[in-house]
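Just so you know, the sequences run in chain order A and B. Sequence positions in the first sequence follow the UniProt record's numbering and run 1 to 322. Sequence positions in the second sequence follow the UniProt record's numbering and run 1 to 322.
Hints were generated in silico from the structure; no laboratory data involved. Wrong hints could be hidden among the right ones.
Identical copies go unnamed one by one, so any copy, or any two together, can satisfy a pair.
Each computed SDA-like pair below joins lysine to any residue, with the alpha-carbon atoms no more than 20 Å apart [what the hints assert, rightly or not]: (1) Lys103 with Pro93; (2) Lys241 with Gly281; (3) Lys241 with Arg84; (4) Lys103 with Gly142; (5) Lys103 with Val143; (6) Lys241 with Ala295; (7) Lys241 with Pro274; (8) Lys103 with Val52.
Since the structure is predicted, the reported quantities are computational estimates derived from the model, not experimental observations.
Protein chains: 2
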Amino acid sequence: MQLRFLGTSAGMPTRTRHVSALALTFEGQRRWILIDCGEGTQYQLMHTPLSVARLDAVLITHIHGDHCYGLPGLLASASMAGRRAAMTIVGPPAVRDYLEAVKAATGLQLGFELIHVDAATLVNEPLTLTDLAVRATRLSHGVECYAYAFDERHVEASLDTARLAAEGVPPGLIWGQLQRGETVIDDQGRYLCGADYRLSPRTPRRLVVAGDNDTPALLTDICQGADALVHEATYTEAVVKRLGTDNGHSSAARIAAFAERAGPGALILTHFSPRYASRPGGAHHIDEIEHEARAHFTGTLMLAEDLAVYELSRDHTLQRCE
Amino acid sequence: MQLRFLGTSAGMPTRTRHVSALALTFEGQRRWILIDCGEGTQYQLMHTPLSVARLDAVLITHIHGDHCYGLPGLLASASMAGRRAAMTIVGPPAVRDYLEAVKAATGLQLGFELIHVDAATLVNEPLTLTDLAVRATRLSHGVECYAYAFDERHVEASLDTARLAAEGVPPGLIWGQLQRGETVIDDQGRYLCGADYRLSPRTPRRLVVAGDNDTPALLTDICQGADALVHEATYTEAVVKRLGTDNGHSSAARIAAFAERAGPGALILTHFSPRYASRPGGAHHIDEIEHEARAHFTGTLMLAEDLAVYELSRDHTLQRCE
Numbered sequence: 001m002q003l004r005f006l007g008t009s010a011g012m013p014t015r016t017r018h019v020s021a022l023a024l025t026f027e028g029q030r031r032w033i034l035i036d037c038g039e040g041t042q043y044q045l046m047h048t049p050l051s052v053a054r055l056d057a058v059l060i061t062h063i064h065g066d067h068c069y070g071l072p073g074l075l076a077s078a079s080m081a082g083r084r085a086a087m088t089i090v091g092p093p094a095v096r097d098y099l100e101a102v103k104a105a106t107g108l109q110l111g112f113e114l115i116h117v118d119a120a121t122l123v124n125e126p127l128t129l130t131d132l133a134v135r136a137t138r139l140s141h142g143v144e145c146y147a148y149a150f151d152e153r154h155v156e157a158s159l160d161t162a163r164l165a166a167e168g169v170p171p172g173l174i175w176g177q178l179q180r181g182e183t184v185i186d187d188q189g190r191y192l193c194g195a196d197y198r199l200s201p202r203t204p205r206r207l208v209v210a211g212d213n214d215t216p217a218l219l220t221d222i223c224q225g226a227d228a229l230v231h232e233a234t235y236t237e238a239v240v241k242r243l244g245t246d247n248g249h250s251s252a253a254r255i256a257a258f259a260e261r262a263g264p265g266a267l268i269l270t271h272f273s274p275r276y277a278s279r280p281g282g283a284h285h286i287d288e289i290e291h292e293a294r295a296h297f298t299g300t301l302m303l304a305e306d307l308a309v310y311e312l313s314r315d316h317t318l319q320r321c322e
Numbered sequence: 001m002q003l004r005f006l007g008t009s010a011g012m013p014t015r016t017r018h019v020s021a022l023a024l025t026f027e028g029q030r031r032w033i034l035i036d037c038g039e040g041t042q043y044q045l046m047h048t049p050l051s052v053a054r055l056d057a058v059l060i061t062h063i064h065g066d067h068c069y070g071l072p073g074l075l076a077s078a079s080m081a082g083r084r085a086a087m088t089i090v091g092p093p094a095v096r097d098y099l100e101a102v103k104a105a106t107g108l109q110l111g112f113e114l115i116h117v118d119a120a121t122l123v124n125e126p127l128t129l130t131d132l133a134v135r136a137t138r139l140s141h142g143v144e145c146y147a148y149a150f151d152e153r154h155v156e157a158s159l160d161t162a163r164l165a166a167e168g169v170p171p172g173l174i175w176g177q178l179q180r181g182e183t184v185i186d187d188q189g190r191y192l193c194g195a196d197y198r199l200s201p202r203t204p205r206r207l208v209v210a211g212d213n214d215t216p217a218l219l220t221d222i223c224q225g226a227d228a229l230v231h232e233a234t235y236t237e238a239v240v241k242r243l244g245t246d247n248g249h250s251s252a253a254r255i256a257a258f259a260e261r262a263g264p265g266a267l268i269l270t271h272f273s274p275r276y277a278s279r280p281g282g283a284h285h286i287d288e289i290e291h292e293a294r295a296h297f298t299g300t301l302m303l304a305e306d307l308a309v310y311e312l313s314r315d316h317t318l319q320r321c322e
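Using the sequences provided together with the hints, build the complete structure.
Below, the structure is given as structure tokens:
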């Protein structure tokens, strides 16, 4: 399961960070999922192997412009490139209203159907996308805003190859039959029962990707059993204090302290205020976010970068791979 | 007068071309004008010395997405960056409807006023922007679409310094008074009349920037006396014939042949179909556009590139300077 960040800036872009967008891909699947679609997302995609022809669904966390202003252009380009397969759009009802308003005002006609799904329905009833079950949780951000949880639906059973070797069952067709749980007779006339050679399936992976949110505790339930949480850390506490408001956002300290309690092994921070520069010389440096978060979170901590790719492995560890 | 292309692709972007946007700047002016604002324009601006704080007006040629989907994000970022000065938005009434629909649907609040001007009013009554008189002409493109003509309003008179030297009038305050047309008495008691020493002012520059258009002849009047015409050349004739339609656009041959008759000394082509690659290996190469245009136009011909800067000098010549 790979997380490819296309934009990691809050509100407005910088020279090194586009506004919010995150692509989710899966082993062996060419179909993929996009979470948020800030302006310029279709430009960032040209620097990846991903194609809008294979884009299964777009999930919008909330209707603020830095999370959705790239959607009309992305859809228009997909249509011009010949896409005819329907696309699922998940989000608050405002997303549908926004797209319909833009289509009407600008005469945009798409060569494919948009299947709108109200994110609120995913709070109680998971939606299946590619091979994932997707649930939603309402957050706190002024406008209707959601976190999405992605659960693997099918986890393959692995085969106890050590036992097979010890019992003198050579690799071949029989191994596949045993892995599928079948009972077979081998060339020595032995009855072999699949159940005896299948190892317990590993635990399915769970990823949670949150929209903007000033109340991390709202994520407590959805984070149970999660391997990784992607959450905004728009400011440091020092900046929140100086501004006199968090503007509906979380500080690095607040989300890191929550993650430490809630238990995901890995925390990826994103959606940084443009005041935090990636290079020396700015009023603030992105390292301030990292230092503040590390003081509260002892797990695997990543600060997302544009076009960086993070892999959530089957062994539930997260690492950066590009 | 400088033309800085921010996007030169038709319909959808490519790896080397953003969708349409063009910045106009003027000698000695920090205020500037934007013509069209396709998605990603605010990203391109970060690669220029231009600031949205000094953006005087945005002129939209027509409401198609590749010419306006960057506008909400650009306005939002200008507001977040602290802009409070009103901004003029010129275009068909659909532009106002589009912006109001996006603002309503996404809760976008700007910290400055938008002064909407219906482009149709500029057909008969020029609008003054920075130091330019801007007129409009209706084009043919399915939706309401315009070309904008930019005329210098003030042209400085130059002084006949050779005559002043020959008559023994030394450089000094008197030269400035004479240049302003005043009558003065010099230290030899001579009456000197400004009108006798001012050379005829140079002809004001005129630039025409057209939106998408399948009927170049509609530009005949507005191109009279123009130094340069910026016009789309979406396809070559070979591609138009194969598609069986021009989709409301002009071929390189058609606009070049028009320009040859209509008389602008320079023609800048832009808005190229993504099928024309800038590097070898594509189905078509951008050189095909150039070859076709050169066969019909004998003046200065340029094919716009993203982030390229073209200077229209006081001597009415056009050249690429970046």
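Here's how the hints hold up against the structure:
{"no.": "1", "hint": "Lys103 with Pro93", "in the structure": "both (16 Å within a copy, 16 Å between copies)"}
{"no.": "2", "hint": "Lys241 with Gly281", "in the structure": "neither (22 Å within a copy, 55 Å between copies)"}
{"no.": "3", "hint": "Lys241 with Arg84", "in the structure": "neither (50 Å within a copy, 25 Å between copies)"}
{"no.": "4", "hint": "Lys103 with Gly142", "in the structure": "between (26 Å within a copy, 16 Å between copies)"}
{"no.": "5", "hint": "Lys103 with Val143", "in the structure": "between (23 Å within a copy, 14 Å between copies)"}
{"no.": "6", "hint": "Lys241 with Ala295", "in the structure": "within (18 Å within a copy, 66 Å between copies)"}
{"no.": "7", "hint": "Lys241 with Pro274", "in the structure": "within (17 Å within a copy, 49 Å between copies)"}
{"no.": "8", "hint": "Lys103 with Val52", "in the structure": "within (19 Å within a copy, 27 Å between copies)"}
Hints 2, 3, counting from the list given before, are not met by this structure.
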